[in-house]
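Engineer: Whole structure, please, built from the sequences with the hints as guidance.
Given next are the chains, with one letter for each unit.
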Amino acid sequence: MPIKSYLAYPVRGQRDALTAALRRLGGCDVSCEVLPAENRDLLVVVTDTPDEATEAALQEALVRVPALEGLALVAVVGEGEVEAAGRFTAGVPEETGHESA
Amino acid sequence: MNRREALRALAATAAMSAAEATFPGVLFRGGGGASTAGAQTPPAEAGVVWRKTPCRFCGVGCGLLVGISNGRAVAVKGDPTSPVNLGLGCVKGYHSVMALYGKDRLTQALVRKDGKLTPVPMKEALDLVAAKMAETIKAHGKDAVAMYGSGQWTIPDGYVASKLMKGAIGTNNLEANARLCMASAVTGFMTSFGLDEPMGCYEDIDHADVFVLWGNNMAEMHPVLFSRLLERRLKNPEVKIIDLATRWTRTSMAADRSILFKPQTDLAIANAICHEILRNDWVNAAFVRNHVSFHEGKTNIGYGLEDKFAFKDEPKTITLERYRELLAEYAVEKVEALSGVPARELRYLASLYADPKKKVMSFWCMGFNQHTRGTWINNLIYNIHLLVGKIATPGNSPFSLTGQPSACGTVREVGTLTHRLPHGDVTDEKARKQAAEIWQVPLERIAPKPTYHTVEMFRALDRGDIRFMWIQVTNPMVTMPKLRRYRDALKKDDRFIVVSDVYPTPTTDVADVVLPAAMWIEREGMWGNSERRTQHFDKMLTPPGEAMSDAWQMIEVARRMGFEKLFPWTEANHIPEIWREYSRFQAGPEHEMASYDELRRRPGVLWPFVNGKETKWRYNGQYDPAAKGPFDFYGKPDRRAWIWFRPYEAPPEMPDAQYPFWLNTGRVVEHWHSGSLTRRVPVLHNAVPAAYVELHPADARKLGIANGQRVRLTTRRGGLVLPAQIDGRARPPEGQVFVPFFDEGYLINELTLDAFCPISGQPDYKKCAVKVERA
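Top line first, the protein sequences correspond to chains A and B.
Take the first sequence: its position 88, counting from 1, is numbered 88 in the working numbering, and each next residue is one higher.
Take the second sequence: its position 391, counting from 1, is numbered 391 in the working numbering, and each next residue is one higher.
Each hint should be verified, as a subset may be incorrect.
[As the list claims (entries may be wrong)] Reference listing, derived: stretches of chain B covered by chain A, where coverage requires no fewer than 3 residues with Cβ under 8 angstroms from a Cβ of chain A:
1) 2–15
2) 71–83
3) 87–99
Calculated directly from the structure, the hints in this document are not laboratory data.
Glycine included, C-beta positions come from ideal geometry on N, C-alpha and C.
Structural biologist: Dropping the structure here:
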């Protein structure tokens, strides 16, 4: 999965709590590096996950952190694994419910 | 440091740079200040080279830096030097490079043989396209061939298309999908100011106190720009964001006030605001006296539902007093009954616009433009700003947003529309003379009459007046209204359809020839965004297989047709040479373009670019070198901005006993237009994998429909069954449903109506009558 970096905005007065909560999201499969700004209520967060399922779980966990006011995705960095998918369509009108007037 | 760690460091640097752009002077532990230079100099271990480009997607035109490693695009970050986005991006932008690498990229040409698209060498396909085009002209005349492009064409692509169709072949059968999204904005500008495109720029956001969003779900459609509004409010809590819309959305949620109105009544609301401004004597009398004139045009102007519909307005100059009389029908109490907006809210809106201490921006996009009175509603928003003199100064800005990366730069500025030339209209002899001189073609080659706008062009194809159509960078078999008629037209045996694209789509499915196109940074080009900013990007990657840029495909075909003298350039120099030639059309203080070298150096340049200086506010003598005096609306012969009386007129189809709901269509933040790119990016596809129909929970209860259950929608054009979404990301009011159009599996445009604004020719995708049932 790509590495992602974010700007995280804490709920007022909860910068340290947010820093700690985000750092706890890291684990054996997930890297979650947190860099708090020294002179602003603002954190840089860099995440790195091994697969889609872990990434999805991390995304869910991120938005559930109570001390988080807002999160802005800033960069997506891959390692050549940015293979994208093909066409997503049933392709046959009948199968998707198209009907004549 | 291993490679993965180096990439993590890159991502961190990008975020710190974005933080620095948003909060100058911000410091990070251990890292000192986040410097822009640092962001552009990644750790050597990563082996990544960063190159600048505008984003592939919407008309905001965010500056991105794309990381290239071993010939592949591996990373994206916002360009902190871009004045558009200040280092930020949206979910589509950050995943944009993944759209280059879908598994089913078209890498070789396909020709239909025995009913099946069959791979052939590119040379053979180009030979066939040129032969078929020439054969059709010989058999049926030059107006039997047509080109249909898009606001995703680069400026050089559009220029080559214009030169080929109008200068070489001599037909005005050239259109672009921007007709479906921006044409009413253009005719709004032209009728009010005589010149296209906004007078202000995004910097207005940094000065405004009030933002009024008219039918514009900016949080999803222009998210980075919307984040600038939120940032402005965060730093200045007195700033207000008003969302005036027909449906409750993420924008409504973020706004200070959400005001819902009944479809089409925006016309009455705008008039009510003007009525209230006049009634309270809030008019900026000196501004109006010196810089404005008053006009009215025809009324009951029709809807274009019949083939070969024609309309010509007859403007009449009127007095302020006559204008006041005409507005008498729009007292706030009367408009409350029509629009559903309480009179107190209408008074509140008028007071915001009129407050001399507040600077006001209005934003709009498809809600206004995809409207059977699209030109009128554009005029009406200008009326409000002109009456109170809040225009063309920092923070006072009526701002028409665009949906595509170069709807402005290519379609509107180069003029890839039936009535346009790179400078001026085909009906203007002076403009034709200029084109003939620059193109070195006989004057009589350039046809003086427009032929068909987009809907009429596809109708002409259906009738057989057009026999050959070349479609580039767009997917009309998802996006045309009343789609079934036009798909059947393309499939007719004696029509020849060429499609240039990067992926298979419903449009390539019905093509006779498919040409694989180079995408975005696989070729060099320029785009022009909503704020008159032209942005250059280099070729950074090798296109796959035999994929070729749209411009070069057209040049190859033009040469095969005997027009090689008009296209003398080499593959290596054609972009700078085209830019130099095109810039001659725009020379002069009203539209001077930056040089090629300047564009390569900067993260975009606003035009007019005169003596090395961008023009941030047009028509204002303090900033605009073309303006004579404090304000000078030099696009009009009387050098005044025109206030138009435009009444409320009902849409052609409204809910009734048989079809009791309004059907509204539009987009979602994750998907770009018809989804042919974003649906190939797993993270975007997985976020919204299929279209759905939004219902109000009360309607769902009445109809016995639960979330996710299948719903049958039926209009007079056809039916469609798709899953329900109740209280998802948005909520339509009772009596209305909404369906996003990105999903080729659920072609909602089979149900929409091909009625259009008679002045702009732009269809209305936002309003028709529909029956809703549990399937």
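Engineer: Broken hints, numbered, in rising order?
Structural biologist: none
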